Structure formats: C-alpha cells, structure tokens
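Undergrad: Sequence:
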Amino acid sequence: MNDQPIRKRRRLGYLGMLGLCGGLGMVVGLASALIDSFGGAVADELQIGLMVLCSVALIWICVAWWRGADEAVREAHKWAWYWGGSAGIGVVMGLLILTTWNVIDLVPSEMPGDPADLIVTGIGLTLGAQFTGYLVAWAFWWLRHR
494 MNDQPIRKRR RLGYLGMLGL CGGLGMVVGL ASALIDSFGG AVADELQIGL
544 MVLCSVALIW ICVAWWRGAD EAVREAHKWA WYWGGSAGIG VVMGLLILTT
594 WNVIDLVPSE MPGDPADLIV TGIGLTLGAQ FTGYLVAWAF WWLRHR
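In our numbering, the protein residues as written are 494 to 639.
Some clues are possibly wrong.
As the list claims (entries may be wrong) - The calculated lysine to any residue pairs, modelled on SDA-like cross-linking and capped at a C-alpha distance of 25 Å, are:
1. K571 with G621
2. K571 with L551
3. K571 with G515
4. K571 with M510
5. K571 with G587
6. K571 with A609
7. K571 with L620
8. K571 with L591
9. K571 with G509
10. K571 with H638
Hints in this document: simulated from the structure, not taken from any laboratory. Quick caveat, the model's predicted, so the values are computed rather than measured.
Modelling step: build the complete structure from the supplied sequences, incorporating the hints.
TA: Here it is as structure tokens:
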C-alpha cells in the first residue's frame with residue numbers, strides 16, 4: 494500500500510498548451526533571428542544550443558501535458574500514432590520502392606540546389622506523411638468512439 498498523499502494534477506488546458514507552444518515558438522524564432530544577425534563566428538554553435546534547449550523544453554511540455562491527459566485522450570493518441578504513423582511510413586516506403594524500381598522519378602533531372610536539399614525534402618516527406626496519417630487516424634478514433 495502506498496502511504497503517500499494523492500498528488501493533485503494541474504491541468505493545462507488546450508488553449509494554455511497552444512499558447513505555451515506558440516509563445517515558445519515565437520521566442521525561439523526571435524532568438525534564431527538574433528543569432529543569425531549577431532552570432533558571428535559562433536552562430537552555428539549558438540543555433541545548436543538553441544535547438545537543444547528548445548527540444549528539452551518541448552519534451553518537458555509534452556510530459557506535463559501527458560500527465561494531465563485522461564485515459565481516453567491518451568488512448569486516442571497512442572492508437573493514432575501507431576496506425577496513422579505506420580500508414581504514413583508505408584506510403585513513404587512505397588515511394589521508395591517505386592523510385593528504386595524506376596517506376597517513378599522523384600529526383601528532378603536538373604537539381605538546382607544542394608544535394609542536402611534532397612535529404613531535407615525526404616525528412617519532410619516522411620514526417621508529413623506520418624503526421625497526415627496520425628491526424629486521419631486520430632479523427633477516425635474520436636468519430637468512432639463518440
């Protein structure tokens with residue numbers, strides 16, 4: 494038996510969470526712009542430090558939100574991430590297979606940018622497909638359970 498008192502959870506509502514994330518985004522954007530303008534020789538190191546601090550803050554926000562979420566909300570997000578994220582990865586894997594078999598060509602013939610742009614595009618495509626699948630699955634879960 495646990496003799497510790499029950500800890501009350503403070504709930505950060507949806508609008509509070511949205512405001513917190515929006516405020517963090519504005520602060521990070523402003524800090525990034527200032528680093529670009531005044532960072533000088535250490536601008537890259539400052540950008541990396543900013544990214545690490547922002548990542549830690551976002552993890553903290555997510556943990557605080559998750560602790561305040563009820564079981565239905567948690568189950569909806571777990572289900573949506575598993576099925577929707579998996580479907581998104583399946584779409585990207587299908588594109589990879591079709592590109593490998595030369596059925597489709599995702600690389601422009603005259604690529605105007607840096608080859609690193611293709612890597613960033615691939616990362617964006619993967620995250621976009623996963624997030625789209627997640628949103629569709631999340632909406633499906635809530636419509637099915639209402």
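Undergrad: Confirm or reject each hint.
TA: Here's how the hints hold up against the structure:
no.	hint	verdict
1	K571 with G621	holds, 18 Å
2	K571 with L551	holds, 18 Å
3	K571 with G515	holds, 24 Å
4	K571 with M510	holds, 19 Å
5	K571 with G587	holds, 24 Å
6	K571 with A609	violated, 33 Å
7	K571 with L620	holds, 17 Å
8	K571 with L591	violated, 30 Å
9	K571 with G509	holds, 22 Å
10	K571 with H638	holds, 14 Å
The structure does not agree with the numbered hints 6 and 8 stated previously, though it agrees with the rest.
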